[in-house]
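*Asks:* First to last, the protein sequences are chains A and B.
Under the UniProt record's numbering, read the first sequence as residues 1 to 304, first letter to last.
Under the UniProt record's numbering, read the second sequence as residues 1 to 157, first letter to last.
The reader is advised that the hints may include incorrect statements.
[As the list claims (entries may be wrong)] Some chain A residues close to chain B (C-beta under 10 Å, calculated; not the full set):
| id | residue |
| --- | --- |
| 1 | Y23 |
| 2 | P26 |
| 3 | T50 |
| 4 | D73 |
| 5 | K76 |
| 6 | I78 |
| 7 | L94 |
| 8 | K205 |
No lab work stands behind these hints, which were simulated from the structure alone.
We treat Cβ as the ideally placed atom computed from N, Cα and C, and that holds for glycine.
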Amino acid sequence: MMRKSPMKQESRQTISGVDFKEYFQPESIQKALEIRAEYGDQIEVAAGSTDLLVANYEKLHEIKYWLDLVKLDQLKKIEVIDNELHIGAMVTHLQLMKSDLIKKNLAVLAAAAEDVGSPQIRSRGTIGGNICTSSPAGDLLAPLLSYGASFKLQSTEGERIVKAEEFFTGPKRNSMETDELLTEIIIPLTDNKREGSWIKVGRRKALVISTLTLAVVLEFEGEKIVKAGIAMGSVAPTPVRLKGIEAVMVDQKLTDLDYKALGREVKASINPIDDLRGTKEYREDVAVDVMVRALKEIERKVSS
Amino acid sequence: MAKLDVELKVNGEDYKLQVGSQERLLDTIREQLKLTGTKEGCSVGECGACTVIVDDQAVNSCMVLTAQVDGSKIITVEGLESKSGLHPLQKAFIEKQAVQCGFCTPGMLMSALALLNTNPEPSKEEIKTALEGNLCRCTGYQQIIDAVEMAAEEWGG
């Protein structure tokens with residue numbers, strides 16, 4: 001995309017300085033989109049800043065243009081519209097884990113939010129930031145894939161809805177254009193019984209970047225699985241949805257499934273790497289075990 | 001050098017400040033307000049030594065720009081003590097010998113205060129979760145947890 005040259009509009013209140021050029025803190029989405037359109041990839045978009053300030057820890061002074069979304073209160077809401085849950089991009093992890101709407105309908109997402117970083121990070125970090133950072137280890141990403149979430153990307157030209165599994169294109173890369181902002185996360189609700197499991201594997205409980213995550217969401221009609229959402233983090237260049245395994249499970253009863261065989265399918269469907277958080281072999285072996293554990297957990301929840 | 005205008009209420013007092021765009025809340029608290037009880041440890045959100053309370057929630061002050069908390073109410077460790085003396089949390093930390101080198105203590109106190117403000121009767125597990133973002137390298141966690149329990153009993157309960 002062509003970078004548009006910054007041009008200052010008189011109506012806009014900005015301050016320029018030696019240590020930075022401009023810091024924008026718009027109070028409307030429209031204004032934010034206009035600034036984003038004007039500055040494109042020259043501007044650093046700040047949500048909760050819990051990733052941004054770490055990534056730029058020694059070079060904050062190099063950032064010349066800031067677009068701070070903190071005053072966009074419209075993006076801090078969680079609401080139901082037409083049988084879909086709409087989560088504003090500036091909703092924090094703390095909000096997600098406390099929200100009755102999320103706990104009731106998206107328990108796996110609430111559990112993942114509770115496992116992010118520490119209380120200090122959960123109180124500032126946002127769902128939109130987690131998505132836009134697009135780390136393969138982002139804790140909310142596997143749950144979002146499992147629930148079939150879509151992302152609303154807005155620009156001054158209009159808006160488009162992108163499915164979560166099409167959004168992530170590589171480690172810390174995504175399909176967002178430089179004039180776009182993520183404004184909403186949309187997740188379909190269902191009248192079916194939904195049960196799920198969230199498993200995060202890491203070296204310690206708190207403040208840990210995941211070695212592997214698994215989110216399983218199953219929808220039941222009676223005992224029959226009518227929809228399956230299975231996704232993992234930290235096992236491939238992007239968070240991945242395991243559609244092959246989902247297909248095997250649909251129209252089956254949980255009790256008819258061979259958990260261990262499904263676990264081996266999971267192992268065969270992922271492509272992990274060696275890194276400082278674990279080896280490829282370790283992740284593959286753990287993938288089998290967590291799949292079995294997740295299905296057993298759902299079995300317990302369904303039968304109770 | 002042009003700056004951004006920011007208004008903060010820190011430990012009950014109103015401040016009108018000018019900050020650079022890259023100025024972290026931690027820098028403002030220590031360098032501008034000279035409240036050096038808040039410590040800089042890792043600078044990347046791992047250790048919790050810089051924890052303060054922003055609008056009732058524990059926040060790593062190294063991970064937020066001051067401009068982002070414009071208009072907020074902030075409490076630092078200096079805000080604990082009042083005219084009537086030490087805060088029950090401070091007394092409990094002394095009583096239970098929860099301080100060794102002391103570097104993590106301000107952050108621990110702030111995380112504990114954020115907990116007790118919303119949950120006056122926490123379980124041991126809830127205390128551990130509230131403190132999970134704070135590292136103590138003298139490894140005296142047990143005494144710290146004991147101190148928070150004691151403060152909860154005397155103050156909250």
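*Asks:* Does each hint hold? Answer for all of them.
*Replies:* Cross-check of the supplied hints:
The interface hint given for A/Y23 holds, since its Cβ lies 4 Å from the closest Cβ of chain B, which is under the 10 Å cut-off. Checking A/P26 against chain B: minimum C-beta separation of about 13 Å lies over 10 Å; hint violated. Annotation: interface hint on A/T50 holds; nearest CB of chain B at approximately 5 Å, less than 10 Å. The closest approach between the C-beta of A/D73 and any C-beta of chain B is roughly 12 Å, which is over the 10 Å cut-off, so the hint fails.
Proximity of A/K76 to chain B is violated relative to the hint, the smallest CB-CB distance being about 13 Å (cut-off 10 Å). A cut of 10 Å between beta carbons decides the hint on A/I78: the least distance to chain B is about 17 Å, and the hint is violated. With its C-beta approaching chain B no nearer than about 7 Å, A/L94 sits inside the 10 Å limit, and its interface hint holds. A hinted interface residue such as A/K205 counts as satisfied when its beta carbon comes closer than 10 Å to some beta carbon of chain B; here the least separation is about 7 Å, so the hint holds.
Checked against the numbered hints above, the structure breaks hints 2, 4, 5, 6 and satisfies the rest.
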